[in-house]
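Chains as they are written, first to last, in our numbering: chain A, 1 to 218; chain B, 1 to 218.
Keep in mind that a hint or two might mislead.
What the hints assert, rightly or not - Below, in silico cross-link-like pairs of lysine to any residue (SDA-like), each with a Cα-Cα straight-line distance of 25 Å or less:
1. B:K191 <-> A:E43
2. A:K215 <-> B:D146
3. A:K191 <-> A:D164
4. B:K110 <-> B:Y130
5. B:K215 <-> A:E147
To be clear, the hints were calculated from the coordinates, so they are not data collected in a lab.
Fair warning: this is a prediction, and the values are worked out from it, not measured in the lab.
Protein chains: 2
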Amino acid sequence: MNNKQNDKKISNAVIRRLPRYFRYLRELIRNDIMRISSRELSEKMNITASQIRQDLNCFGGFGQQGYGYNVKFLYSEISHILGVENGITAIIIGIGNMGKALVNNPLFEKRGIKIMGLFDTDPDVIGTTYGDLTVMDAKDAAGFIDENFIDIAVLTIPKSAAQDTFNELAETSILGIWNFSNAEIKCPENKDIKIENVHLGDSLMALCYEVAQTKESN
Amino acid sequence: MNNKQNDKKISNAVIRRLPRYFRYLRELIRNDIMRISSRELSEKMNITASQIRQDLNCFGGFGQQGYGYNVKFLYSEISHILGVENGITAIIIGIGNMGKALVNNPLFEKRGIKIMGLFDTDPDVIGTTYGDLTVMDAKDAAGFIDENFIDIAVLTIPKSAAQDTFNELAETSILGIWNFSNAEIKCPENKDIKIENVHLGDSLMALCYEVAQTKESN
Chain A
1 MNNKQNDKKI SNAVIRRLPR YFRYLRELIR NDIMRISSRE LSEKMNITAS QIRQDLNCFG
61 GFGQQGYGYN VKFLYSEISH ILGVENGITA IIIGIGNMGK ALVNNPLFEK RGIKIMGLFD
121 TDPDVIGTTY GDLTVMDAKD AAGFIDENFI DIAVLTIPKS AAQDTFNELA ETSILGIWNF
181 SNAEIKCPEN KDIKIENVHL GDSLMALCYE VAQTKESN
Chain B
1 MNNKQNDKKI SNAVIRRLPR YFRYLRELIR NDIMRISSRE LSEKMNITAS QIRQDLNCFG
61 GFGQQGYGYN VKFLYSEISH ILGVENGITA IIIGIGNMGK ALVNNPLFEK RGIKIMGLFD
121 TDPDVIGTTY GDLTVMDAKD AAGFIDENFI DIAVLTIPKS AAQDTFNELA ETSILGIWNF
181 SNAEIKCPEN KDIKIENVHL GDSLMALCYE VAQTKESN
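Model the full structure from these sequences, guided by the hints.
If you want it as structure tokens, here you go:
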């Protein structure tokens, strides 16, 4: 395939910043702003203008002197790099409160990700419906992944169930895991499964630190 | 107050890593491991040993050559720096699915944070109970914060309601906001409110990027 991102590997640090650009650019498009300078973007995003120029140059998003960046072009390039248009499919395993918060969350659709199936182990939960999806038995998840070429499994399951569930998934064709279980999952070396561990508590603790500092100085 | 963190301001990058140390150290304590070398910690955490030594030296967590770090001491120092023992209080505004996922989540208690009140605008939700908390009317949140010296407000509300809600909170004695609304909230310059914006979508997109890369190379 002829894809820009294959010409040059973009650094992980830049990739981590791209979703933020994506969000800001989407906001600009919504507000009918079609051009933006690195200086303006810098003020909005609280990143230095030189960092922005460096980041965007990585994938050919060159601004024009005195004219700025083409917002729609940048947006589409970033969408492309992030795989937003690649028709990624996902399932959610664990339909507790966090699972439910995600099922109805527009964040998948906004990024071109289609939720194809919901799974749980609780007999009271299996068979309940969310939109046009009916919760299936978690023991059928592995088969479902292989049959339906599912790309990503979202794990909203208790910590205690995380490693066993992952071990089962590792035997399927799954490509990525979005892990909310608070267990740190590591991929075995002979597999190529991308794992994104979400640790909400880390973000909470960073906030607590700041708040504790304020309390002490008061 | 005689607090180590006041002697030397710890850099933001180190603070961001501390919750990970906190998690790993807690795990070690659970497994009755009382000593660990920077090399072992490095393998577990996937951070270089020299980075670990640098980070831990920041707050006086000096390891002993050939003997390693005292796990409990490090854990207690990090808890202290992160404000875990400071008895931080919080309320949750917005008892939809994400709010519910947080109400019942042990992540607050584990970090010494007490949830003091729940709030919503929906008359059907007001009056429902979670444990020993009854959901109150969101219009009473500001008064509750001031009366009860609440430190942190968790915003699990729709994006459209975020700025107005924040403007109301900014007039109270609140010290921090943990913001799940997907709206980027900025603190006015004349206020000192710490804001932690959670963007789950950013983490999802980083995963999508990796998955899209794998799909292309297959």
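Now for the hints, and whether the structure bears them out:
no. : hint              : in the structure
1   : B:K191 <-> A:E43  : 19 Å, holds
2   : A:K215 <-> B:D146 : 15 Å, holds
3   : A:K191 <-> A:D164 : 16 Å, holds
4   : B:K110 <-> B:Y130 : 18 Å, holds
5   : B:K215 <-> A:E147 : 16 Å, holds
The earlier numbered hints are all upheld by this structure, with none contradicted.
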